[in-house]
Structures are given as structure tokens and as C-alpha cells.
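So you can see what is in the structure, the chains are spelled out below.
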Amino acid sequence: MTGSFRLSKSPVLVGALGVAVFLCVLEIAVETGMVMELVVPRPSDTFLAFPPVQEDMDLVGNFFVTLGMTAASTAIALSIGVPFGYFLYRNRRYGIAYEGWLAAAFAAPTVLLYPLFLVIFGRTYLTLIMMGFIPGAIPIVIQTRQGLLGVSQTLLNVGRSFNVSDREMFWKIQLPSAVPTIFTGIRIGVMYTLVNIVAIEYLIDFGGLGRIVSEMYFRFDTPGTYASIVAVILVSVFFYWGFGRIEKWLRPV
Amino acid sequence: MAQAGVVRTAAPAIATDREASVFRIRVLTVICLLVAWEGLAALGALEILYGDVIPSSWKIAVAVWGEVTAADFYRDLGITFAEHIVGFIVGSAIALALGIAMGVNPLLRKAIEPYLNAIGSTPKIIFLPILFLVFGTGIDSKMAKGALSAFFPVVFSTALGMILINPVLLRVGQSFNLNRWQTVVKIYIPAMVNPVITGLRLGMAITVIGVLVAELKFADGGLGYRLGNYYEQFRIAEMYAIILIIFALAALANMGMTRLQTYANRHQGGAGAHSLSVATN
Numbered sequence: 447m448t449g450s451f452r453l454s455k456s457p458v459l460v461g462a463l464g465v466a467v468f469l470c471v472l473e474i475a476v477e478t479g480m481v482m483e484l485v486v487p488r489p490s491d492t493f494l495a496f497p498p499v500q501e502d503m504d505l506v507g508n509f510f511v512t513l514g515m516t517a518a519s520t521a522i523a524l525s526i527g528v529p530f531g532y533f534l535y536r537n538r539r540y541g542i543a544y545e546g547w548l549a550a551a552f553a554a555p556t557v558l559l560y561p562l563f564l565v566i567f568g569r570t571y572l573t574l575i576m577m578g579f580i581p582g583a584i585p586i587v588i589q590t591r592q593g594l595l596g597v598s599q600t601l602l603n604v605g606r607s608f609n610v611s612d613r614e615m616f617w618k619i620q621l622p623s624a625v626p627t628i629f630t631g632i633r634i635g636v637m638y639t640l641v642n643i644v645a646i647e648y649l650i651d652f653g654g655l656g657r658i659v660s661e662m663y664f665r666f667d668t669p670g671t672y673a674s675i676v677a678v679i680l681v682s683v684f685f686y687w688g689f690g691r692i693e694k695w696l697r698p699v
Numbered sequence: 253m254a255q256a257g258v259v260r261t262a263a264p265a266i267a268t269d270r271e272a273s274v275f276r277i278r279v280l281t282v283i284c285l286l287v288a289w290e291g292l293a294a295l296g297a298l299e300i301l302y303g304d305v306i307p308s309s310w311k312i313a314v315a316v317w318g319e320v321t322a323a324d325f326y327r328d329l330g331i332t333f334a335e336h337i338v339g340f341i342v343g344s345a346i347a348l349a350l351g352i353a354m355g356v357n358p359l360l361r362k363a364i365e366p367y368l369n370a371i372g373s374t375p376k377i378i379f380l381p382i383l384f385l386v387f388g389t390g391i392d393s394k395m396a397k398g399a400l401s402a403f404f405p406v407v408f409s410t411a412l413g414m415i416l417i418n419p420v421l422l423r424v425g426q427s428f429n430l431n432r433w434q435t436v437v438k439i440y441i442p443a444m445v446n447p448v449i450t451g452l453r454l455g456m457a458i459t460v461i462g463v464l465v466a467e468l469k470f471a472d473g474g475l476g477y478r479l480g481n482y483y484e485q486f487r488i489a490e491m492y493a494i495i496l497i498i499f500a501l502a503a504l505a506n507m508g509m510t511r512l513q514t515y516a517n518r519h520q521g522g523a524g525a526h527s528l529s530v531a532t533n
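Going down the list, the protein sequences come from chains U and X. Here the first sequence stands for residues 447 to 699, where the numbers follow this note's numbering. Here the second sequence stands for residues 253 to 533, where the numbers follow this note's numbering.
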């Protein structure tokens, strides 16, 4: 009774226990042949497959390849997205005119454009960077405009009462107030950039982590395939968690 | 009085002027894009830039017509549609059940939410090898991929919708001695309509992408397979045509769901849309 009470107070422990129990059941199911080893490897085999995958495919090195592509795409998305968002804020009618188009573009399956980029740029890193840039830039544009539109009128009035110039108004009032909203756009943009880059890496067997997953599958190395998938999940969690922390830090209480 | 009259007539005039201006901007943008496209296509035709990579808009229009009048196009469309619908229904049904369970049971929600967030933010395409191993490379694995893509936005929206139900409504229900079934029918379901539709709308869009991407990797039918084939055969105008058709279909589906949401909002008094997390394709 007391034990169950304590467990109900510790959801993290309950979650971890649930995962541990699931892995143990899976281990037994594979061991006893209830689940085919060719389809699902033992969890212990997946864990043990990390060193060989690292040795053979350089997981860490390829993580940095994917990271580099994501960083390059994000840098381009930022350098175009923020000024364009500002332009749409300053020119309200352009903002209204493009608002719906941007939302539609964000929901559109832009990942399908990769064959076109393959034709234009070939099977190169530039294709990955461009495919990461497209879904990354759209939320940055949308959120930059939203952030600037959401700046408190009182703050703007205070600025005007001090006769600040447009430039000072932007750098000292508008941008600092809009940063949390813009950062939400950056977080979403980075996540979509990462997703698109890993997806294209997997589809065209080129680049970093996505390529490793594809290659392991083609080698019929099931534990290696699962290990590389776990590696991609860990990288996504790292990005999701890290950017979530920064966003929380930036948000006013 | 006269001033009030001026204000009353001036406001719609400003709104009409703004709408006209917005319309002009949109038309001008489309014209500029078309001119730029044709310019690039002309440079390509002269072999100054990009060769055959940018065909003229006329060639693309002809290719679109060729696609929609081809019999095998409808076979591929039917395959993608079947994969999408089955995946969407299965994924959404599981997500709805789990989302409701998470909303009812805070311990369950707090226990599994970190794991759902972790997998929800992962590119689902990397699970394709597992789906190929389990379901084979046929239509089943694409349906499973569709279900996986639909699952996350729906589960997050449903769970959040459950959490955000106004406790006052639940207390009112208790004061009226509503039984469990009546509470579900009279309070939970009406309050959940809007967030669930938001999740379904997102899920539907992501399922389309999930299914098409899976078809691009391994398939013997479907619009993604068709796109991949055209790429391999370097039939660029047809590639653009298929992409345009897919974008148009996705936009139509999204528009339909948005209409449904607007309709639900109107009948709910506009509870606002919810989304909890980054759910990726």
C-alpha cells in the first residue's frame, strides 16, 4: 500500500520502470523465439552494437556532420528569416498578404522537393543544407513577425516619449521584447531542419546519421540498425531538450 | 452625429482599401514569380543556366494535364489514398485512446510524456527500417508509417485538451449529479472537439508526408513512387507536375479540416486551438 503510494508520487520512476519492464519482456520474448531475432534484436544486443557501429561507421563523427548541416541551414534560415519577418512587420499589408501563404508553405510536404534539389545541386552537402533551410526559415519568418507585432504598445509609447530613433526603437525595445517569440520560431525551425536533413540523408544514403541508419539496414545488421536509430533519437532529444531549456530561460516569468 | 456617420462609413472604406491592396500585392507577387520562373526557364533553354532543370510553366501545365488524364495516375493516387486513410485512422484511434487515458490519469501522463516527447521530436522516417522488417516493403509498411506519423500530433492535442477542460464545468456536472457516461457525453466530448480536430488536422498533414516519403524509399505504387520514378528517368516537367498535384491535394485536405475546425469553433464559442509539441513527419 505504502509502496504503491510512493510510486504514484514518482511518475519519472514509474516511466523508467515501465521502460525497464518492457525491455526485459522483449529480451525474454526474443530469447524464447516468440519474437523473431531478425526483426527485433535483443535489447542487450542493440546496446552492445554501439561500439562496433561507432568503430565501423563513426557515429560521433557523423553526428557532427548532421550537426554541421543543421547549423549551416539554420544560419541561412536566420539570416533570411529574421530580416524578412521584420519586413513583413514594417509593411503590414505585405504581412497580411503573405501570412496565409507562409502558413500553407509550413504545412506543405516540402521534403518532396528533394529530387529537384538533387537535380540542381547533385548528391552534395548543398542539397542537404537547402532542404534543411526551407522548413527552417518559414517558422522563423512567421514568429519574427508575430513577435514584433506582439510588442507592448506601452513600451513603444515610452520609446516615442523619449524621442528615440527608429533604429534605437528596434534594437532597444522591439527586438528584446520579441526575442522569446522569435526563439520559439528558431526552436521549431531547428527541429524541422534536423528532421528534414536526417530524412534526406536516409533517403539518398548520403551525409551523417540518416545515412548510417540506411546503410545498417542494407547490411541486414539488425542490432546495428536499431543502435543507429537509438542514436538519432538521442540526438533529437538533445536538441529538443536543449532548445526547450533556452526558450524557458528567455521567456519572461 | 455627423462625425459618427463619417467614422461608420470610413472604417469599411479603409478595410476595403486594405483588402484591395493585399489582393494587388498577391497578384503582383504571383506575376513576378511567374516572370522570374520563365526567365530562368529561358536561360535553361539557351543552356546558360540549369539546362532542363527548370521547364517553362507551359510545359509543367501540359505535364499536369498529362498526369490527370493518365489512367495509371489514378492507380497510384488510389494506393497513396488507401495508405493515408488507413494509417491516419489507425494512428488517430490509438492516439485518441491514449490521449484520453493520459488526460484522465495524471500519473500515466507524467510517466510516459517524456518518452512521447522524445520520440515525437524524432524524424519518423528513421523508423522505416523497423517497419520494413516488421511489415515488409509492401503497402502495409506505408500504412504503419502513416499511423506512426498521425499518432503524435493527435495524442498531444487530445491529452492537452483533456487537461485544459475547465474544472468549473466538471464541478457543475457533479452538482447536477451526472453519471460517468453523462459527464463524458455532456462535458468531455464537447470540450474536446476543438483540440482533437486541431490534432487531427496536423496529423492528416503529417500522415501525407510520412506516407509519401516511405513510398519514395521503397514502393511499387503510389504518388511518392511515381515521383521517384520520374526523378530516375530525369522527366523534370512530370516531377514538377506530381509535386504540384501533391501540394494541391495536401492543401485541399488541410482546407477541409480547417473548415471543420471553424465550424466546430463556431458551435463551441471558439475555445482556441491547442498544440503542445513539435510533432514531426
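Hints are not guaranteed to be accurate.
[As the list claims (entries may be wrong)] List time: in silico DSS-like cross-link candidates among lysine-lysine, alpha-carbon distance up to 27 Å: (1) X:Lys362 x U:Lys455; (2) U:Lys694 x X:Lys438; (3) U:Lys455 x U:Lys694; (4) U:Lys694 x U:Lys618.
[Unchecked claim] Chain U regions said to be covered by chain X (calculated; three or more residues, Cβ under 8 Å): (5) 612-620; (6) 632-643.
Just so you know, these hints were derived from the structure itself, not from any lab. The beta carbon of each residue, even a glycine, is placed where N, CA and C say it ideally should be.
Outcome of the hint check:
1. X:Lys362 x U:Lys455: This hinted pair holds, its Cα atoms lying about 10 Å apart.
2. U:Lys694 x X:Lys438: 37 Å, violated
3. U:Lys455 x U:Lys694: 25 Å, holds
4. U:Lys694 x U:Lys618: 21 Å, holds
5. 612-620: violated (count 0)
6. 632-643: Answer holds; 7 residues pass the 8 Å Cβ test.
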